[in-house]
Amino acid sequence: MLSVLAQITWKQWRQHRLRTALTLLGIALGVAVFFGVRTANLTLLSSLTTTIEKLAGKATLQITGGESGFPEAVWETVKDTPGVRVAQPVIEVIGNTAFADQSSLMIVGVDMLGDRELREYEFDETTTEIADPLVALAQPDSILISRTFADKHNLKDGDKLPLFTSQGRKEFTVRGIFKPQGMGEVFDGQIAVMDVFNAQFVFGRGKNIDRIDLMNEPEVDVLALRQKLRERLPAGVEIDRPASRGTGIEKAISAMSIGATIASFIALLVGVFIIFNTFSISVNQRWKEIGVLRALGVERGNVQRMFLGEAVLMGVIGSALGIFLGYFLAIGAERMLSQIATQLFSQVSTQQPPVFRWDFAVTAFVIGVLSSLIGALMPARGASRLNPILALHNIETRQQEDILGKTRLIAGVVLVIVSMGLIGFAPAKVGMNVQFGYAALLLFGMVLLLPKLTQWIARLLRPLMDRFFGSEGVLAVDTMIQSPRRTSATVGALMVGLMFVFATAAYVRSYQTTVSGWMDRIVNCDLFVAASDQARSRTYHFSEELSLRIAALPGIKRIENVRILFPTYADDSIGMVALDFDGWFERVKNVVEQADENEAREKMVAGEGVMVARNFVERYHLTTGDRLKLATPTVPFDMPIVGVIEDYTSEKGAVFLDRKLYKKYWNDSSVDMIEINLHPGTDRATVKTEVQRLVRGEHRAFVYTNQEYKKWIMDLINGFFALSYMQMAVSIIIAALGIVNALMISVAERKRELGVLRAIGGLRSQIRKMILLEAAAIAIVGVLIGAIAGFLNTWFIVRTMAMMVGGWTIPFSFSPVMVLIALPLAIGIALLAAWLPARKAVNTSVVEAIGYE
Amino acid sequence: MIQLENVSREYGDGKVVYALDHVSLLIAKGERVAVMGPSGSGKSTLLNLVCGLDEPTSGEVKIDGTNIASLDDDRRTRLRREKIGMVFQTFNLLSTLTAQENVALPLRLNGSSKKEADSRAAAMLDKVGLGARVTHRPDQMSGGERQRIAIARALIFQPPVLLADEPTGNLDSKTGEEILALMDGLHREFNTTILMVTHNEEAAEHCDRVIRLRDGKIVSSTTAKEHTTKQ
Numbered sequence: 039m040l041s042v043l044a045q046i047t048w049k050q051w052r053q054h055r056l057r058t059a060l061t062l063l064g065i066a067l068g069v070a071v072f073f074g075v076r077t078a079n080l081t082l083l084s085s086l087t088t089t090i091e092k093l094a095g096k097a098t099l100q101i102t103g104g105e106s107g108f109p110e111a112v113w114e115t116v117k118d119t120p121g122v123r124v125a126q127p128v129i130e131v132i133g134n135t136a137f138a139d140q141s142s143l144m145i146v147g148v149d150m151l152g153d154r155e156l157r158e159y160e161f162d163e164t165t166t167e168i169a170d171p172l173v174a175l176a177q178p179d180s181i182l183i184s185r186t187f188a189d190k191h192n193l194k195d196g197d198k199l200p201l202f203t204s205q206g207r208k209e210f211t212v213r214g215i216f217k218p219q220g221m222g223e224v225f226d227g228q229i230a231v232m233d234v235f236n237a238q239f240v241f242g243r244g245k246n247i248d249r250i251d252l253m254n255e256p257e258v259d260v261l262a263l264r265q266k267l268r269e270r271l272p273a274g275v276e277i278d279r280p281a282s283r284g285t286g287i288e289k290a291i292s293a294m295s296i297g298a299t300i301a302s303f304i305a306l307l308v309g310v311f312i313i314f315n316t317f318s319i320s321v322n323q324r325w326k327e328i329g330v331l332r333a334l335g336v337e338r339g340n341v342q343r344m345f346l347g348e349a350v351l352m353g354v355i356g357s358a359l360g361i362f363l364g365y366f367l368a369i370g371a372e373r374m375l376s377q378i379a380t381q382l383f384s385q386v387s388t389q390q391p392p393v394f395r396w397d398f399a400v401t402a403f404v405i406g407v408l409s410s411l412i413g414a415l416m417p418a419r420g421a422s423r424l425n426p427i428l429a430l431h432n433i434e435t436r437q438q439e440d441i442l443g444k445t446r447l448i449a450g451v452v453l454v455i456v457s458m459g460l461i462g463f464a465p466a467k468v469g470m471n472v473q474f475g476y477a478a479l480l481l482f483g484m485v486l487l488l489p490k491l492t493q494w495i496a497r498l499l500r501p502l503m504d505r506f507f508g509s510e511g512v513l514a515v516d517t518m519i520q521s522p523r524r525t526s527a528t529v530g531a532l533m534v535g536l537m538f539v540f541a542t543a544a545y546v547r548s549y550q551t552t553v554s555g556w557m558d559r560i561v562n563c564d565l566f567v568a569a570s571d572q573a574r575s576r577t578y579h580f581s582e583e584l585s586l587r588i589a590a591l592p593g594i595k596r597i598e599n600v601r602i603l604f605p606t607y608a609d610d611s612i613g614m615v616a617l618d619f620d621g622w623f624e625r626v627k628n629v630v631e632q633a634d635e636n637e638a639r640e641k642m643v644a645g646e647g648v649m650v651a652r653n654f655v656e657r658y659h660l661t662t663g664d665r666l667k668l669a670t671p672t673v674p675f676d677m678p679i680v681g682v683i684e685d686y687t688s689e690k691g692a693v694f695l696d697r698k699l700y701k702k703y704w705n706d707s708s709v710d711m712i713e714i715n716l717h718p719g720t721d722r723a724t725v726k727t728e729v730q731r732l733v734r735g736e737h738r739a740f741v742y743t744n745q746e747y748k749k750w751i752m753d754l755i756n757g758f759f760a761l762s763y764m765q766m767a768v769s770i771i772i773a774a775l776g777i778v779n780a781l782m783i784s785v786a787e788r789k790r791e792l793g794v795l796r797a798i799g800g801l802r803s804q805i806r807k808m809i810l811l812e813a814a815a816i817a818i819v820g821v822l823i824g825a826i827a828g829f830l831n832t833w834f835i836v837r838t839m840a841m842m843v844g845g846w847t848i849p850f851s852f853s854p855v856m857v858l859i860a861l862p863l864a865i866g867i868a869l870l871a872a873w874l875p876a877r878k879a880v881n882t883s884v885v886e887a888i889g890y891e
Numbered sequence: 227m228i229q230l231e232n233v234s235r236e237y238g239d240g241k242v243v244y245a246l247d248h249v250s251l252l253i254a255k256g257e258r259v260a261v262m263g264p265s266g267s268g269k270s271t272l273l274n275l276v277c278g279l280d281e282p283t284s285g286e287v288k289i290d291g292t293n294i295a296s297l298d299d300d301r302r303t304r305l306r307r308e309k310i311g312m313v314f315q316t317f318n319l320l321s322t323l324t325a326q327e328n329v330a331l332p333l334r335l336n337g338s339s340k341k342e343a344d345s346r347a348a349a350m351l352d353k354v355g356l357g358a359r360v361t362h363r364p365d366q367m368s369g370g371e372r373q374r375i376a377i378a379r380a381l382i383f384q385p386p387v388l389l390a391d392e393p394t395g396n397l398d399s400k401t402g403e404e405i406l407a408l409m410d411g412l413h414r415e416f417n418t419t420i421l422m423v424t425h426n427e428e429a430a431e432h433c434d435r436v437i438r439l440r441d442g443k444i445v446s447s448t449t450a451k452e453h454t455t456k457q
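Note that the protein sequences, when read in sequence, are chains D and W.
So the first sequence is numbered by the numbering used here: it starts at 39 and just counts up by one.
So the second sequence is numbered by the numbering used here: it starts at 227 and just counts up by one.
Hints may be right or wrong, so weigh each one.
[Said to hold, decoys possible] Among chain D residues calculated to face chain W with C-beta under 8 Å, some are:
1) A797
2) L801
3) V884
4) V885
[Said to hold, decoys possible] Think about it this way: if two alpha-carbon atoms lie no more than 35 Å apart in a straight line, the pair counts; the simulated DSBU-like pairs of lysine-lysine are:
5) D:K217 - D:K194
6) D:K878 - W:K241
7) D:K878 - W:K288
8) D:K789 - W:K309
9) W:K340 - D:K878
10) W:K340 - D:K326
11) D:K444 - W:K340
12) D:K326 - W:K241
13) D:K49 - W:K241
14) D:K789 - W:K400
15) W:K340 - D:K789
16) D:K789 - W:K341
17) D:K326 - W:K309
18) W:K443 - D:K326
19) W:K309 - D:K878
20) D:K667 - D:K748
21) D:K490 - W:K341
22) D:K807 - W:K340
23) D:K92 - D:K701
24) D:K217 - D:K96
[Claimed, not checked] If you want the ones that stay clear, here's a sample from chain W, every Cβ over 12 Å from chain D, calculated:
25) K255
26) D352
27) L408
28) D410
Keep in mind the hints are simulated off the structure, nothing from the lab.
Note that the Cβ used here is the ideal one computed from N, Cα and C, for glycine as well.
Using the sequences provided together with the hints, build the complete structure.
Dropping the structure here:
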């Protein structure tokens, strides 16, 4: 029997090709985003790991010391450890050339005498005139560059390559060009090699090195050697196999991955609505056919199975298509993620094709098919319950399911209230998955309320439509009111997409407002000099010497050297800010929480304690007086917390300590930012010009006045939210597809109804106007319900997500402006989506339409 | 009131099939005419041509002296809205609208306010015996009641012409008889010209004249009395 039913389904697909294609596209896009985002994430991680491996060469272990590096003495200890065959120090910097474009260049400092045992350098023999380019590195101005970089800047052996260093602008001489293979492929080939000790000097590492790459003796077990080294080295240095260093990177970019995953689920959810809509309409269109089948002896179960089988088949085809599309989507998404990873997390990747993982594909496939089944479940149930006698009798006898019933309304209200209560009052320690459950409850409640809300808003719209568009406007709204199921499915697709857009936009806005207020209280220096156009650079810093030269300029009262880095604490990458706290307390007042500010100041300046960010104490359940232990490259750091301050440096929280204390424990005197305080009455612009003159051509420095600095920070925040904007764009595209799909199908479904309207005297122009107005009304209702859902979801993001991901308390703020912006956009999309079907509908023969079943 | 002059309607590209073959017919104002004939004889085509949903290949169809083929689509639609009421075998009601809303629909399309349209629809429903069921949807009503709604909708403008396509075709004989009686009553009240396609001999007996079609041609035109006698 099922084969006959399959044949009927196949004929339906052939007859309704557009409906079938749009539905398949709905599933395919949902699956594509889901699969594409996960694949892009994986590809990014893989390319970051590949970079590490390419740079590691034959090294079996790598020793790192966080961003500050570690003292050279560690190298001595490693070299003397039995079982170590080769141990080579490495400095790694993402610097900038002093060419006009100031292009980025990865500079790797290696010890030319021993490095060949670890890394193979394949030199471009056609251009190399030097017998051994590595030996040439012994000359302090030598540098080797990749063929890719050489070609880009038209450089050859012997040419000068100017670079910005911590010691100012330095000119290096190209003494070898290596092929774009292996290490030469890293950072898209923008890579150079120089002597490690020269790099250590010019890039302000002092007596620190960034990394040791080592190779064990063949007879020694790597893990045993690792254990031996662990016992000998300070706790602040990490010893890992190159391949496993990717785990740390994964943690660093985790916030980015969470956002991308949420967006992909939203895409799938919209897909469910599209399927629901398609099958609801399909059941309506096939009303008589179902009656005939039932009359011919097809059982209820088999009718249901026919529709569910169709859903599975659509899920299978749509998901397969989605995985195919997702693979290509991953290429674009990976590029964007890679850019953000480089800019914000200073993580360098090597371009590679997307990684295809079968387990990802199978998961996406199963989720796609399940989504399709979920979407078809209710319509299939409805189809199986049709009364065959009534169905055969005539077409008007459609059973209306109770989707506006009280039970549903009460259940929806209860779910929304319960979810809001949980968001507002449930403890944070329940974990991320449970907290996402609150959002799921909220969404489910909204879905239950959808038909009623649609009806209520449509009723509110009615007088307006009457006033502005006459009887066609009223008829359009009435059609919506009287077909809550059909309308709700379209509105639902819009609601889910827009809810995400509105809530994300509201969160971004709230976050910006909060940070802006915080900056007004804390950031009150006159001028700022930064070493990077991002908030900071992981590898490139100023030297204290530059600070001293700036401090000597006229009009400057005091400078504060700031070092920002991200050490490991409790397996997380937290923020750490080291600065001159004496000066800081001079200009910042009434900001210390949970302690007396004067006492906190005394202890901070004396180097007898640390302050921590408010989100840090929330995250790690600490309080003033507790001791904070950090692993350092020298000796263990163990200090009391003497105060808590509001701060937004890191979503994992940040630790603040005096610069003297930092230099002592981390053996690092480099500077990321120089904060300048001027004598009263000194003109900021004049001093800014003086500072710019001082650094021009010598340092890659970014000088901002207070106002410019705040704007710059806000721009950086916007950059961080670029991913959110991408997610919003995906949601809008899928919601738009939802509208297009639903309206095209809806108009096709109403062929007979529109034919009746024409038969009883409706003009073509009236029918067209009515369809377009209905589309516009659906868009308005969708935007308004999306705004309600977005409003509630913002509460979730602010209360739960912000606290969960960042431990931040962000005030609730929801701007109606974005709803007003979304309104014409949604109406425009709806009108476009309805235009073609409306044209087709009015041109269809009335006789054919009335006979259409 | 209704005049067909040498009207033909052809279908097909290669081999031409005449749905109506040079038919001429004159129906006077207030006259009730039943069109009978086997399936494929051209009954529905005749009806579609008279209401302007279809166009003749040749000849003229005039309603109240107006050749409807000469009108553009909008004017033809307006003429249909105001001068022709239509009742279908399958009722063709909008399932999502209540009885009152279905009946008010032509008025609303004509620009009447909802209040006025609802009031007139309620009055018309009262006339067809459904005054108490104005808020019910078609799926909550019997076949006979649905056809009454369709008749009320057709007559909401009190059109001079009522076209009925098998109005009792989907109804049991008792309900069918009630519908025919209702149409008789409304005919008396409004003096509507009725052109009714039917297979039902009893329905034909409610008309003044019975026309028989076969292969697109009128093969007989008799008074109802003659028709009954022949039976």
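> Any hints this thing doesn't respect? Which numbers, in order?
Replying inline: Violated hints: none at all, because every hint is consistent with the structure.
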